[in-house]
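Add chain V to chain E, keeping to what the hints say.
2 protein chains.
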Amino acid sequence: MTQLNQAAKDAKQASRQAAHLSHEQRCRALRSMARALIAHKDIILSANEVDLAIAKEAVAAGEMSEPLAARLKLTEQRLIELADGIKQIAAMDDPLGKVLMSSEPQPGIHLSKVTVPIGVLAVIFESRPDALPQITALAVKTGNALLLKGGREAAKSNRILFDVTQKAIEDVMPAHLIHLIESREAMGELLKMDDEIDLVIPRGSSELVRAIQQQTKIPVMGHAEGICHVYVDEHADPQMALNICLDAKTNYPAACNAVETILVHDHHHGPWLDQLCDELTTSNVSIYAGPNMALKKGFPPAPSLHWEYSDLAVTLELVPNLDHAIEHINTYGSGHTDTIVTESEDRAHEFLQKVDSASVFHNISTRFADGFRYGFGAEVGISTGRLHARGPVGLDGLVTYAYRAKGHGYLVGKKHKKIWPVRAASLMQLF
Amino acid sequence: MTQLNQAAKDAKQASRQAAHLSHEQRCRALRSMARALIAHKDIILSANEVDLAIAKEAVAAGEMSEPLAARLKLTEQRLIELADGIKQIAAMDDPLGKVLMSSEPQPGIHLSKVTVPIGVLAVIFESRPDALPQITALAVKTGNALLLKGGREAAKSNRILFDVTQKAIEDVMPAHLIHLIESREAMGELLKMDDEIDLVIPRGSSELVRAIQQQTKIPVMGHAEGICHVYVDEHADPQMALNICLDAKTNYPAACNAVETILVHDHHHGPWLDQLCDELTTSNVSIYAGPNMALKKGFPPAPSLHWEYSDLAVTLELVPNLDHAIEHINTYGSGHTDTIVTESEDRAHEFLQKVDSASVFHNISTRFADGFRYGFGAEVGISTGRLHARGPVGLDGLVTYAYRAKGHGYLVGKKHKKIWPVRAASLMQLF
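From first to last, the protein sequence lines are chains E and V.
Just so you know, the numbering used here puts 400 at position 400 of the first sequence, and the rest follows in order with no gaps.
Just so you know, the numbering used here puts 26 at position 26 of the second sequence, and the rest follows in order with no gaps.
The set of hints was computed from the structure by calculation and includes no laboratory data.
Incorrect hints may have been included.
Given that identical chains are not distinguished, each listed pair holds provided it fits within a single copy or across any two copies.
Taking lysine-lysine pairs in the DSS-like style, the calculated list, with each CA pair at most 25 Å apart, reads [claimed, not checked]: (1) 41 x 98; (2) 41 x 73; (3) 354 x 98; (4) 217 x 12; (5) 296 x 217; (6) 217 x 9.
The structure displayed is predicted, hence computed values, not measured ones.
Same shape as in the complex, but just chain E (with noise of 0.2 Å):
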């Protein structure tokens, strides 16, 4: 067995015992977690800055991507909120133990579908050191097993991170509950572990989750991609189509739920798409022109119709009416989230039937798909899978159920026979 093997195999067990811990002991390690990140500021951000040296080294010799060595720094500030995001998570209800479901199916049996840990989660992540004590927490509220895997860009802030959050949740969790795989082989392993590991979640490019999603049977929970679509309807309210679009787009362009094309109706050709363009070329935006568009206006066309700027800019599509617009959609977008802007209930709600996305909206920006804003009040991640957890994620996503039932004998074939105690002759026949 490997040390990974061996590690797997010691995390799921710990995560069975972590399972059983009250929540009132599962919150005060979270608590313990918070204070020592601000009570071990200091050795964490001089780690941190071994990792941003090396990182400014690499950078300068175009080794490694400016965006990437900027999400590695921390501050006290960050710690400060990633303490608090912590307390916040604590003072969140139990996810587990929940009751889903009770019955009693046949009388005298009580059954009941209650909440549990998954099991054992790798979380793979890129770059940003913060994910490290932001996923703990997650795990140590919902009593999972973690297989950390982080870029060896922060290295020295993991390893300190990791150090000071096992110290300040060793006395309440079970040991061997979480790992840092430090190897740089370990991920390729790690992938194939399918009996050992329950879930893998990525945190990163889209480049990393569509890498792992091709290289393991683990179930995947993420996205790879996020084209988002505001369809504006002929019905909408010209004003609020305008502010949803350059919302969409520019409010966090890199965003996975930023949008990616915007379909207008035929209707709007004329001059509230030019103020759109104007609008958008004001706000620094490029426009790429779908096959409609390319005919009325001198936009370069865009790369595809699936395809996800993650940036300041935009296709711009015609269509002739709704139904163009969902089958649009449907065929070549990426199932994260939808709107459509209008002032029928009738086109809202079709639209709302018909799109197969995981959120589709009405008169909302497509930014608001995000588990804080959504009320979750912590978020896993956003998954384009479609079975399990879908949309925004919060810790809801990361428990699974278990049934349980209580009877006094049930049998399911023949009733209860008498063959206890038994008669002295038939013992005697045995020997």
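Same frame as chain E, now just chain V:
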């Protein structure tokens, strides 16, 4: 694009159409299917005769096992039962459009989480042709598209059942919702289509399930193993314990929820254990001994503690206490179904909390783990996976959810600004 790709693409689109048919429309299709099975019983049974004749030759030539051939057989009675089952599915509540959650996370935003079909299911089944109308009925009820891949031993029966059921639903359900895949080579291709197929459901032997799990990255709903345990605690009612052990093994030994290992507390070594062995032997159950048991009795050793007999055979093992029983089950079990027999509420509570299986029982035969017995009205299968659906799976396991939100121009970033109607001057600048 291959034929199979095209079928999956058409199926996906059909599922999206099926998703917004009314429940009444889907039920009408189901009732029509139920009637058609009876109306066309003669041609169905004749086609079945052809398969049976071929199977008979294959058995004689030693190319097919007798039980496999036996499972092929349809009768008028079986068709009546199938039709009744389909009418029962029609009578159940609509699994689609259920509001799982609704909230107002921001003033004026109404967010709801609503059940929708999963999309495209590939169902791979062996022998039993009656699986075809059953699965078709589950798909029609839940608005899912199906790629059906039956075994070639039931080719004629499957074809006629497919034709009859398709004809019955075609007036209501979208075309291309259900596909019968008949080419022998298709299986490998099917299992590679992880972009097109959302879920694979194998219906057949453990070997089939295991082979499919090993070949695909598509989520698989099912169980390859059912290594279920009965733990007879120190404080068990001896009469109840004997009856539960016997029922769990002998009621249907090939079922996945039959017991494979009986763990007996050391306390019962003596007359009770002798009586258990006697009763098992009387019921033609072969007894194999675990390591602790082997020291005390003359039974042959169990092939492994992780062993599924699926037959009239069982492993007996002695354990010194509850902790050892729980540890044994979590180590050697398959997470399917395990039960404790005890009169102690404390022991029962600990067992229910700590055994990490999909179904955990107190004083109930393992054979109770079944969708119908759980009161689900229909059973898709039993899952030993930990994500999405676990344990006996009802119609709920064939749906996922989407978030739908309605607002009045919600933006994440800066508030609405007045950019419409545009002033004539700024419009002029555009041209």
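Structure-based check of all given hints:
{"no.": "1", "hint": "41 x 98", "in the structure": "neither (36 Å within a copy, 48 Å between copies)"}
{"no.": "2", "hint": "41 x 73", "in the structure": "within (13 Å within a copy, 72 Å between copies)"}
{"no.": "3", "hint": "354 x 98", "in the structure": "between (33 Å within a copy, 16 Å between copies)"}
{"no.": "4", "hint": "217 x 12", "in the structure": "both (18 Å within a copy, 23 Å between copies)"}
{"no.": "5", "hint": "296 x 217", "in the structure": "neither (46 Å within a copy, 44 Å between copies)"}
{"no.": "6", "hint": "217 x 9", "in the structure": "both (18 Å within a copy, 23 Å between copies)"}
Taken one by one, the earlier hints fail for this structure at numbers 1, 5, listed in ascending order.
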